[in-house]
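Chemist: Since each chain comes alone in its own frame, lean on the hints to assemble the complex.
In order, the protein sequences belong to chains P and G. Each residue of the first sequence is one higher than the last, beginning at 1 in my numbering. Each residue of the second sequence is one higher than the last, beginning at 1001 in my numbering.
Simulated from the structure, these hints should not be mistaken for lab results. Please read these numbers as outputs of a predicted model, since none were measured by experiment. It is possible that some hints are incorrect.
Derived pair list, reagent style DSSO-like, types lysine-lysine, alpha-carbon separation capped at 30 Å [stated by the list, open to error]:
id	chain 1	residue 1	chain 2	residue 2
1	P	Lys-119	G	Lys-1310
2	G	Lys-1399	P	Lys-97
3	G	Lys-1493	P	Lys-118
4	G	Lys-1424	P	Lys-19
5	P	Lys-96	G	Lys-1469
6	P	Lys-118	G	Lys-1469
7	G	Lys-1443	P	Lys-19
8	P	Lys-3	G	Lys-1424
9	P	Lys-119	G	Lys-1424
10	P	Lys-4	G	Lys-1424
11	G	Lys-1424	G	Lys-1500
12	G	Lys-1469	P	Lys-97
13	G	Lys-1424	P	Lys-79
14	P	Lys-96	G	Lys-1453
15	P	Lys-19	G	Lys-1433
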Amino acid sequence: MGKKILVIDDNEVDLLIVKRYLTHEGFSDIITASGASEGVEKAKTEKPDLVISDTLLPGSNGFEVCRQVRKIYGPDKPKIIIITGAIDAVDAVQAKKSEADDYCAKTSDCAPLLEAIKKLI
Amino acid sequence: MKITTKFIIWFLIISLVPLAISIYISYNRSRQVLEEEVAKSLMAVADNKANQIEAHLRSQKENAITLSYYSEVISALARFIEVANKAGIDSLEYRSAEQEFKPMLGYYQRLFEYDDIFFVSPENSVVFSTAGIKDINSIYGIASYTDSELNKVLNQARLFQETALSNLQYYPEAKKAAIFIATPIFEGLDLLGYVVVQIGTKGILGFVKDYTGLGETGETIVVAKMGSKAVFIAPTRFDPEAAFIRKIAIGTSEGLDLQKALSGEKGLGVNINYRDQEVLSVWRPLPTFGLAMAVTMDTREVFASANKLKNTLFSISLALVLLVVVMAVLIAGSVSRPIKELTQTTKTISEGDLTARAEITGKDEIGELAHSFNQMTDKLVEAKANVEEQKRLLEAANKELDSFVYTVSHDLRAPLRGVDGLVKFLEEDYANKLDEQGKEYLKKIRSGANHMKALIDDLLTLSRISRIKNPFEEVNMKDLVDSVVGRIEFDIKQQNVDLKISENLPVLRCDKIKIAEVFLNLINNAIKFSPKKKDSQPRVEVGYNYDREKAEHVFFVKDNGIGIDKKYHSEIFGIFKRLHNQDEYEGTGAGLSIVKKIIEDHNGSVWIDSEPGQGATFYFSISEKIEQPKKIGQLLVESGAASQEEVREKL
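Next comes chain G alone, as it looks inside the complex (with noise of 0.2 Å):
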């Protein structure tokens, strides 16, 4: 991951984690309290509705006591009921009454805010109403029936001789609920008649009506039990008509907080009303008539300003989220910037481009580290320098070798090559003039000449195969020593070798040429120190092993010859190490330590196994994983080293 990545990664966290709970938590405490201020306002506003409604109510209700107690509506009641009776609500005297009474009762009504005042018999007929005693008589007639609510308010004051409440009931003729309060009248031990006050709706809807404190959504609903319905006895802000239209049925789980507070119970909730809508609710009994009320304000307009609250606070996080990003990138920035510029010089001079230098930016930990890069980048350019001065001088200096040996190849061999031309002219040409001594003189010393031009042959082999390096490649090792075989075949035919070649040798990679090398030097050794009795014939054989264990390609070229002591094992592949004199056998001694250098080359070792008349084996490794060396001078094949064959078929 990229460091201003990293950074901002790392901002993010360290700074909105934090923010976030601080957010939340101001947050969640924010919208309690604003929801605790909404409902304690609600609280107030419904508790504020509730007392004066029922204050009114309740005013209503004492006064219609009171109004049974003044003695000209006493007298009032006992005209009206004499004259209705005697005289009949038709007569004259009805009409007289009427003008007398009708003015102060009206008054009355008024004061109270009564919708009737009316008389009623002890027989449950209406002898007169302030409304008009024929209207009172087609609406309310129902007095005189069993079920009414006013003929059981009636009943209910005689039986208890007190004053009595109806029921809040609706009329659909008079399109009006009412409630009657009436009032036995008793003149000794006899019912005179009752007073009876009408109460309806009409003075509620002033607090209904009124939203102080209720916002936009707030509304006062107010019902009354009406059989197993809550009723709506008011208009509702949202619905003109609700009023004995809307209702409630009882035990459904519809208005449950008009349902509590008709049982009696105060409380504060939330609640689904009437439109669907979700509302905080805060419910009152209105216990003077048996009515309830809840004062309620949709849950979106309690929660706006919560919400709001929200929506500010979340604009502040992303600005603040925002800025931290910007915040990062700049310090990110300021801090990976140095960084990116040090490693991408870095990479210049890892591709080689050795002038390139980082920008020191300042003197913290960045700019000492571009400081340091910097010294070493200098410190590696002066060690390349004098690298590549050594590799001039080692080059200068291995073509001088290679000079030497050409010169040394070229003017030691020379003279050889005339000692030996002229001593075998002699020889030939004045064999008839040399006596035997001297013919073994001449022998002598073409010997000697011969044995020191091997001897600078195989010196400079030597010296080739450390400095020359040919390029690895797959070689058939079979082909190989068929290849070896085929170039002393005279030998083999002439000392009738027994000579087998395994046919699981491998393919490989190595040096070819020098391979080559090897066997030759192992099979011309294995013939030349075969046994030398007349009866026995030379046995060799060219085998091969995989040494798993060590991951090795394992040769070994076996002879039945004479064989060498153990104590001798070591030495024979030092540089002209000879176990035997001249005569005996021919050689310089430097093949054992030419194949020792060929396979170490190849991360491999020789080993003998032999023991004296018991022929010997030589074993040599190659590693399966051998790296090319480096090449120092010319190429072995260029050089010319190859066979007198191979150099003809160049021509």
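Extracted from the complex, chain P is given alone in its bound form (with noise of 0.2 Å):
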């Protein structure tokens, strides 16, 4: 498919899975970042088509993310696509407040995700 996915989460399981979910699903072309400053840095550099931000990092959160590629790019590129690991889509109004293309749960099977990007890209 050609585009590039910027995934951007502290917790290394989880970013193995998404990994391996995104492989199995024909993206090729995927980075990652295990935290904020890390991920908007890559943002910068790699100009991905697509970020995936954890919403708890290191020192700061996804939403700030969101609001730093907003910043560099603007409001239409790149995608960028929120999850969550709480059960709730507690901060689903943040998310929006930020920007953000679309807002889902994590799940073991990251069915919520994989849609979500289908609608995307």
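Modeler: If you want it as structure tokens, here you go:
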């Protein structure tokens, strides 16, 4: 498909799972970051088509990452999906405010995430 | 009613009722006394006048008799009769007789205040008059007339051989009234002639015109009976022309006082007089000449002092009323002002200004009240501060709990997700490197991890339901159930469930999201515990009844599933209470406790009707009168307990 996807998550296992499902879905150009600043830096240098960020990141959070990426590129590109490990979609409103394109829960089968990606790219 | 008004009214009642009574009594008493006074003095005047007039008239009558005994008078009579008979009244002899006797007779006439003294012959012809014989013949020549008063009195005197009195008669030609007193004079057995005196009304005028003791309107009226009339014989105070002009028809209602007096009665009474004035009248008969009199005074004068008294008393009463009102206002003010101020303070405090304090004005009960009130307000401030502190602590604790729940939900689930995800990778990517035993183990690991995840999720749901209250809103239950069914459409189709939803579901106020959770749990349970046999179709029915007696909406979810033994009916609503093992039926056992919790928040109850193998019916009720529970913590919607779809809609 040739789309470049940046996944930002401090949880190694979650990164592993997301990466594996994305690979299975045929995405080959996947880069990862385990922190907010690293993620923003990579978003700047790598120019990904899609950024997937966890809500809770050490020293920061996914919404902040989202805002910074939007500051660099503007409202249209890249697409941004915020994923959360919380049971409830407690942060949906906040995600909306930080201009994320979608927001979904982390699951072991990544079904909601894959669905969201399909809609965006 | 305001306190001041009450005070004024009570003061007026308390002071004015006795005041009015005493004033009334004293006025009446005074009036009576005054009237009696006037009446007494009027009676005294009347008696005095009556006596004087009577005495005057009587003396005139007695003097007339005395006169006829004087020998010089008898000699004069004899001489005049003789001269008149022999020579006539125009003769020299008559003139010389006149010269001889007239001075003497004129003297008596003036002495006794007679109008005239004259002599009459036995043939009823006047032979001498002090007033002049020509005059008397022209005026009283009627002496010879049968019906004249003079003739009558002469005949009477002759008949009874003693002095006789005529009635009072008015003579228009002479413009005067007269009474004649005739005394027959006998010489041996022969009638010599008559000595007649004429008495006029002049003598009583002095008494009539004496107004001593009669005030402004008092007057004396003297009447004589002439025919069927009582005729005024003297002028009155207010009508100088009254004499012989004014008359009262006897037997009519006018001048009753005088009519009574004429019939010989004495008396006192209120009357309407000839001037159409109401008068107090004292009437007396004057028997000597058959006259009658009344001394009257206008009642307006009689009661003038009483009226004056009335006015004075009225002024005093008015002044007292004003005084009472002023005092009432002052006293009421002194009593009610602190109460008013206290009331104002209470109002201020009730409006939220807890710094207001009542002014303590004295050591009386009101002062004490103000003091107690201030103490109470102090306590109120203290209590409020306490409550606010508690509230703050509670809010802090709640916030902490929120963040705790968030952390738990996030951090506990992350490793489980990893376990599940990685095991799945093993199953999928390394399937050919594992034997059956290994695959079985992996399956058990995943199942354990998922169960634990479900337990955490349910625990969080339960905690969330207790903490988070959504605003109640009007909910169409049919739409709600339909949306719930939409969420589990997949399961329904897959298990070929025969689902019936009653059409009569109502619209009622409730927490929409939580009641949806209730239906979701109950319908899910109904499907989950449907009969396991291949040939039987799961049947689920959602229905509704209204319990009029309890004023409750009752819903039920009925299935044809495996049923529950009665001995477990009370247990199944406990948390994580399961009657089956994990292999048989999935789930944590939290669903019914969540249902119970939600329904209890709606003032309702949950119960079950079931027997093993007979299916089960779960009922829950929602009270018609439910109060919005106090909100603690965030709203469920904002916290995001909404479904995945709803969140997507938001985005």
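Chemist: Determine for every hint whether it applies to the structure shown.
Modeler: Evaluated hints:
Taken as a hint, the P:Lys-119 and G:Lys-1310 pair is broken in the structure, with Cα atoms around 110 Å apart against an allowance of 30 Å. Only pairs whose Cα atoms come within 30 Å are accepted, and G:Lys-1399 paired with P:Lys-97 is accepted, the gap being roughly 22 Å. A threshold of 30 Å between alpha carbons decides the hint, and for G:Lys-1493 with P:Lys-118 the separation of about 26 Å falls inside it, so the pair holds. For the given pair, G:Lys-1424 sits about 14 Å from P:Lys-19 by alpha-carbon distance, which is consistent with the 30 Å threshold.
For the given pair, P:Lys-96 sits about 24 Å from G:Lys-1469 by alpha-carbon distance, which is consistent with the 30 Å threshold. Annotation: proposed proximity of P:Lys-118 to G:Lys-1469 is violated, straight-line Cα distance about 36 Å (limit 30 Å). Distance check on the hinted pair: G:Lys-1443 and P:Lys-19 sit about 23 Å apart at the alpha-carbon level, within 30 Å; holds. For the hint linking P:Lys-3 to G:Lys-1424, the alpha-carbon distance of about 26 Å falls within 30 Å, and the restraint holds.
A hinted pair counts as satisfied when its Cα atoms are at most 30 Å apart, and P:Lys-119 with G:Lys-1424 qualifies at roughly 25 Å. Of the pairs offered as hints, the one joining P:Lys-4 and G:Lys-1424 holds, with about 26 Å between alpha carbons and a cut-off of 30 Å not exceeded. Restraint check for G:Lys-1424 and G:Lys-1500: not satisfied, since their Cα atoms lie roughly 38 Å apart, outside the 30 Å limit. Between G:Lys-1469 and P:Lys-97 the alpha-carbon distance is near 24 Å, which keeps this suggested pair within the 30 Å criterion.
A threshold of 30 Å between alpha carbons decides the hint, and for G:Lys-1424 with P:Lys-79 the separation of about 29 Å falls inside it, so the pair holds. For the hint linking P:Lys-96 to G:Lys-1453, the alpha-carbon distance of about 27 Å falls within 30 Å, and the restraint holds. Annotation: proposed proximity of P:Lys-19 to G:Lys-1433 holds, straight-line Cα distance about 22 Å (limit 30 Å).
Hint violations for this structure: numbers 1, 6 and 11, all remaining hints satisfied.
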